[in-house]
Amino acid sequence: MDAAPPRLRAAFRNHFERAVLSVTNNIAEGFERGTTNELLSFLYIARGSAGEVRSMLCLLERRPWMKDFKSQI
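First residue of the sequence shown? That's 11 in my numbering, and the numbers climb one at a time after it.
Because the hints were derived from the structure by calculation, they are not lab data.
Hints may contain errors.
Restraint ranges, calculated between C-beta atoms of paired labels, are given here [to be verified]:
id, residue 1, residue 2, range
1, L18, L50, 34 to 42 angstroms
2, G58, A21, 17 to 25 angstroms
3, G44, R73, 37 to 45 angstroms
4, S51, F26, 22 to 30 angstroms
5, L31, R73, 17 to 25 angstroms
6, E42, R17, 35 to 43 angstroms
7, F22, T46, 18 to 26 angstroms
8, R17, T45, 38 to 46 angstroms
9, N35, L67, 42 to 50 angstroms
10, P16, L53, 35 to 43 angstroms
11, A20, R64, 15 to 23 angstroms
From the three backbone atoms N, C-alpha and C, an ideal C-beta is built for every residue, glycine too.
Starting from the given sequences, assemble the full structure and let the hints guide the process.
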């Protein structure tokens, strides 16, 4: 993202933050539901969001400037 326009970086960051929040929010919402099937449904959604986050992290990992931050994660 280092060579990407600021608008693209902002859009990527926004999408990344929403995907991260989706993981925890879906787990919490599923936990508050009344049935095991509803919980499982929300856990599957959370799992999909986690996959999305993992994919985005793989893209970021390829950026040269990200290597400096790997030890801090």
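Going through the hints against the structure:
{"no.": "1", "hint": "L18 x L50: 34 to 42 angstroms", "verdict": "36 angstroms, holds"}
{"no.": "2", "hint": "G58 x A21: 17 to 25 angstroms", "verdict": "20 angstroms, holds"}
{"no.": "3", "hint": "G44 x R73: 37 to 45 angstroms", "verdict": "44 angstroms, holds"}
{"no.": "4", "hint": "S51 x F26: 22 to 30 angstroms", "verdict": "24 angstroms, holds"}
{"no.": "5", "hint": "L31 x R73: 17 to 25 angstroms", "verdict": "22 angstroms, holds"}
{"no.": "6", "hint": "E42 x R17: 35 to 43 angstroms", "verdict": "37 angstroms, holds"}
{"no.": "7", "hint": "F22 x T46: 18 to 26 angstroms", "verdict": "36 angstroms, violated"}
{"no.": "8", "hint": "R17 x T45: 38 to 46 angstroms", "verdict": "43 angstroms, holds"}
{"no.": "9", "hint": "N35 x L67: 42 to 50 angstroms", "verdict": "19 angstroms, violated"}
{"no.": "10", "hint": "P16 x L53: 35 to 43 angstroms", "verdict": "36 angstroms, holds"}
{"no.": "11", "hint": "A20 x R64: 15 to 23 angstroms", "verdict": "21 angstroms, holds"}
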